[in-house]
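Participant: The whole structure should be built from the sequences, with the hints applied where relevant.
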Amino acid sequence: MLRLWNAIRPYAWLVALGVLVSLWVFLERPPEQRKNAVVLRLVVFSGERDQVFWRLIKNGDPKAGIQGFETAHPEIRLEFIKAGEGDKVGTMIAGGDAPDVVNIGAGEQFYHYKAANVMRDLTPLMSDADRADVERDFYPVARTAMMADGKYYALPWNLIPFILFYNKRVFDRFDVPYPTADWTWADYESAAKKMTKDLNGDGYPDVFGANFAQWQDGYYTWIYENGGRVVSPDGKRITFDDPKVVGAIAFLHRLSRIESVIPNDKNRPKAIGGQGLFSQDKQGMLGPFGSFYIPQFRGEDFKNVDWDIAPTPKGPTGIRASVVATSGFAVTSQSKHPQQAYELVKYLCGHEGQAALAVSALFVPARKSVATNTALMNPAGLPEHMSAVLDAVEKGYAFVPPWTGRRWGDFQDYLNGELGDFLFSNANPGDTPEKVAKRIAAKGNAILAEERTERAGTPLPTGPIAKIAMALAAIIVAAWAARVWVEARKSRTRGAEQAYGYIAIAPWLVGFLVFAAGPILFSLLLSLCRWSNLSPPSQARYIGLDNFGYLLGGKDDLFFTSLIVTAKYTLWAVPLGLVAGLILALFMNTNIRGINWYRTIYYLPAILPGIATTMLWKQMFVQNGLLNYALSGGGRADFHRMPDWLLDPRFTIPAILIMGVWGAGGGMMIYLAGLQNIPTDLYNAAEVDGAGGLAKFRHVTLPMLSPVLFFNLVMGIIGTFQVFGSAFVLFGSDGGPKHSALFYGLYLYRKAFEQFDIGLGAALAWILFVIILAFTLIIFKSSPLWVYYEGSKEGKA
Amino acid sequence: MAKPLRWRRQVRPTILHVILVVFAIPILVPFYWMLVASVQSRDKTDQYPPQWVPVQTYWYAKDANGVKRETFPPIKEEGRRTQVRFLDEPAKTWVPTASVQKVEKSEPRWKNITSVFAKTGDTSSGNVEDAPFRWSDIWKSESFGRYALNTLVIALLCVFGQIISCSLVAYGFARMNFWGKNALFMLMLATMMIPGQIYAIPAFMIYRSLGWVDTYIPLILPAWMGGAFFVFLFRQFILGIPLEMDEAARIDGSGPFRIWWEILLPMARPVAVVAGVYTFFGAWNDLFGPLIYLNSDYKRTLALALTKFSNAYGQTDVPSLMAASVLMMVPVLVIFFFSQRALQQGLVISGVKG
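Chains A and B supply the protein sequences, listed in that same order. Counting from 1, one number per residue, gives the positions in the first sequence under the numbering used here. Counting from 1001, one number per residue, gives the positions in the second sequence under the numbering used here.
Just so you know, these hints were derived from the structure itself, not from any lab. Nothing here was measured: the structure is a model prediction, and the numbers come from that model. Among the hints, erroneous ones may be present.
To be verified - Derived lysine-lysine pairs resembling BS3-like cross-links, with alpha carbons at most 27 Å apart: (1) B:K1076 to A:K303; (2) B:K1181 to A:K303; (3) A:K336 to A:K114; (4) B:K1068 to B:K1111; (5) B:K1076 to A:K282; (6) A:K168 to B:K1076; (7) A:K114 to A:K266; (8) B:K1105 to A:K303.
Facilitator: Structure (C-alpha cells):
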C-alpha cells in the first residue's frame, strides 16, 4: 500500500486536478435538457411573491385554473434568469446576450430601453384580435405607458396605484371617523391633528396622525391634486415654480413642520420609516402610498394590524390624483425567437398569467376583467374596501409619473433631496415653499438645457477602429518579437533563455494582452463616447472630452459629493487602519500561550466573507440593534435617542468606519510579518545603549517597520478609493440618506449600470485611476524622507 | 536596564492576556449574536434588548372539544373570545381568551440551518420551512448544498491555477534574462492600480464573444493567468533562493522547467500556501464575478445566493440569512485556523517590503 502511495504521490496533484475538472464539467451540465426545444430566456425578480408567480406560471396551478405555459407550448422551454439587478441585465444586453423577454417598468426603464432600441416593436406581431383585446381589456393608463409613437413596445402586466392606508385601531382610539371616498385635504389634516398625541408628556408625540410617501411619486400625487404639473405639456420645461405646485408644498410643509402631525427630524429625532409606526398602532394613516403594501399587510407578519384602505383624499378644488407605477413585458430586439417570445408575453399578460398574478397577490393585474374579479383578487376580504385600489384606474384619475430626457433621474434625485430637507429636516432654516420650488425648477431646467446642448456626436467607425487597433497591436508585438530575436541572435545560450523566459511569463502575458490591455484601451475609447450599454457598440457616439467636461466642469453635483465622501472616508479610514493594525500587531508579537487563538480571533473579521460580515453589521446597525445596545451601556438609554447609523446622514460614514476598525486585523498580519523580520540584535544593541521600551519602539521598531507601513499605506489608499461592496450592501447604490455615503465606486456603478451611461462610467473610472496614481506617486516620491530601506535599493518595488 | 524576571515571566503575560481578551470581546460578540440569530425564531431577531439565547414561542388554545392544541399566534381579540388558527388547520376558529396560552422555551431552532441547506434562499419569508427537510435534497440543482459544491470546485481550481501560473511567471521574472523583462515587470505591477470597474464591460464582451458567459471559465481562467500580487510574492521568494540550487540541478541534466517544477516550486511552499489560501478566500467570497457571468440557477455560488435573502421590498429573513452566512463562514474559518502558522511564515519569508 505504502509503496503504491509513494509511486502515485508525485502525481497526486494531477489526480486532484483531474477530479476537480471532471466535477466542473459535471456541475456545468444542465440538470435536465429537452432536445429540439426553443429556449426562451426571461429575466425574473427573485422576491418571495415573485417566486409564487413564476411557480404558478411554470407548473400551473389547478386551483387558479392555470395551465402552465410549457404545457401549452411543448416546443418551448423556459429558462429563468433571476436578477433584480440592473447591472446584470444591462451587461447581458450590452454583451449581445440579451434575454428574450424582460420585465420593464414604465418611466425611467421604459425610457432608457426605448432610447437604446432594446425593445422590439410588438405591433407587427399582434393580430387584429390581439389588438382589439388589448385595447378593450387593459386599463388605458397601463396600456399607454407601454406605448411610444403609437406603437406597442410591451404589454402591460401590473399596476400599483397610490392609495391611503389607515389603521382602524388608532382611528377608534381617538374617535375619528374612518376616511371615505369624499375625503379632502382638510379632512386628512384635521384627522391627522386629532390623532397626533404626546401620551407620556416627554414633548414628543407618541402617536402620529399620518405619513406619506417621501419620494417623487408621493409628491407628484399631492401636486396633481392641487392642479399643478411638474413638466410643461410639451415636455420642454420644468414647471415646478408654478403657484399650484408651491401650494402643495406649502400644505405638506404645514403638516410636517408647523402642525407636526408627521414624523420628522424635530418631533421624532429618529423616525422609523415606512410601515414601522403604522403597524405598531402608532400612526393613523399611511398615504398616499403605493398599494404594494397590501400583500405585505395581508401576510403573517402583520396579522395583528387592523387596517383598511381608502382612495387618496381630494385636493382643495376637488381634484383627485394617484400615481400609478406600472410594468409590462417586452420582447428584446436581440431575441432570435420573436414570435415565440411574443406568445410568452401574451400568455403572461393574458388571462392565465394575470390570474396567476392575482393569486400570488403580487400587484394589481393590468387587465380589467381580472382586476375586477373579486374572487381572485381578494378571496379573504382583506382589506374590506379593496375597491379603493381600482378606483384610481377605474375612475380615471390615475397618472403615470412624468419622465422626460436622459438625465431626468438627476432631476428626481435633486427634487427628493431638496424636498426631503425642507419638509422633514431643518437643513436651510430660511427656506420658504416658494424658494425651494424655484430652486428645484431652476435646477431641472438647467439639467434639461444641458441635455439639449449636448453634442450629438459622430458615429464611431467601429469596424475600421477595430482593424487599426488589431494592426497596431500586431505591429507592436512584431516589433517586440523582432527586438527579442535580435537579442537572441547574440549567443546561443542567451537565445534559449529569451525563449524560456517568454514561455515562463506566457500565462501572464497572454492574460494581460487579451483580458487587460484590450479592455483598458477599449474603456479609454468609451470614455470619449456617449454609449448606453443597452445598445450595441455600433450605437456609440464619439463626443470628445465632453464626458470629462461634464464631470469636472461642475455640472454634476453628485460627482463632487462622491469625491468628498470618498476623500473624507480615506482621511479617516487609512490612518485609523494603519494605527489600529500596528497596535494589534505589537500586542500579537509575543509568544504567550494561546497566541494562535488570539491571532485567529483578531484576524477573523478580515478573512470571513465580506458579504456575510456586512450583512451581519447591517443587522447590528439598526437603531434597536446590538451596537446601540452596547454603546448605551447595555440598553440603559432609550434606543430612540441613540444614533440611527444607517438612516441618519451624520452617522453613515462613522458606521462604515466602525466596521473598518472591527476588521483592522487585516493589516495586522503584514505588520506581524514585518515585526518578525526585525533582527533581535538591534533590540539588544539598543538595550545596551540604555534604550527603554518607548525609545526602542521609536528608534528600532518604527524605522525597521517603515517599509511595511509604506506598503500598507499605498494598499490602503488604493483600497479606500475603490470601496464598493460593503457600502453597496449597507446603503444601496444611492449612497444612503442624502447621499451621505455615496462612495465614488457607488456613483460609478450608478451611472454606468443603473443609468446605462457607460461612456460617463468609463470617464469616471479613468478619473479614479488618475487620482489613485497621483496619490501613489506622491507617496512614492516622499518615501525617501520617511521610509528606511535596510542596506540597499533592494526591495524598492 | 532589564526588568525583573518576575515582570517578564508573569506580570507582563497576564496584562497582555487581559488586554487581548478585553479587545476580543467586541470582535466576538457580533459572531455570537449571529450564531444565536441563525437558530432564532423569526419574530425574535429584531427585539430590543437583543436576545442572547434562542427563544421559541409556542401558542396553545383549547379547541371545541376542550383539547389543548398548538396554534399560530392569535389573530384578534373581541371581548372574551380570541380568534386563532390551529396548526394543520386552514380555518380560523374562535376560542375563549382564557384558554389561550403562550409558552416561551429557550431552544435552538435547528430547522433554520437545515432548511437553508436544502433551499435556495430565494424564498425570503414564510415558506422556507414549509417543505420537510430531506438530506437528499441537498444535491438537487438549487440548494445551498449544491451552491457550496459549485463554489468549492471553482475556488479549488482557482487555487491550482494561481499557484502554478504565478510561480511559473515569477520564475521567469526572477531567473531568466530576456529583453524587456524589467519593463514588463513594471507593467505588471502597474496593472494592480487600475480600478476593476474599467475592465468589467469590455471583459464581458470578450468572454461573450468566446461563448463563455454562464460558464465557470470567466471565474477560473483569470486565476490561471498569474495574479500580479502573488507573482510579486513568488518572485521575491525565488530571488532569495541561492542560484547554486539551479546550477546543481542543471548539472544533473534538468531543463529550466524541470528546475521550476521540481526544485523551486517545492521550496516555495510557504508562498504557495499564502497564494493558495488567499486565492481560495477570494474565490469563495467573490460576488461581482458570479453576479455578472452566471445566469443559471444551478450554477450559482454561495455569495450570490446570499444576496437573494432580501425580497423586492428590501425585507430580509434575518435568521435564514444568518444561518446561511454561518454556513459560508465555516470552511473559511477551518482553513484559516489550520493554515495560520504557515501563512504567517510565508509572509515573513517573502519579506513584504513594499
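Participant: With reference to the structure, classify each hint as holding or not holding.
Facilitator: Consistency of the hints with the structure:
Note on B:K1076 and A:K303: the hinted pairing holds, with a Cα-Cα distance of about 8 Å set against a maximum of 27 Å. With a C-alpha separation of about 70 Å, the suggested pair B:K1181 and A:K303 falls outside the 27 Å cut-off, and the hint is violated. Between A:K336 and A:K114 the CA atoms are separated by roughly 19 Å; this keeps the pair inside 27 Å, and the hint holds. For the hint pairing B:K1068 with B:K1111, the CA-to-CA distance comes to about 24 Å; that is within 27 Å, so the pair holds.
Pair hint B:K1076 plus A:K282 holds up; C-alpha atoms about 18 Å apart against a cutoff of 27 Å. As the CA atoms of A:K168 and B:K1076 are separated by approximately 13 Å, the hinted pair is consistent with the 27 Å bound. Only pairs whose Cα atoms come within 27 Å are accepted, and A:K114 paired with A:K266 is rejected, the gap being roughly 44 Å. With a CA separation close to 23 Å, the supplied pair B:K1105 and A:K303 stays within the 27 Å bound.
Of the numbered hints stated above, those contradicted by the structure are hints 2 and 7, listed in ascending order.
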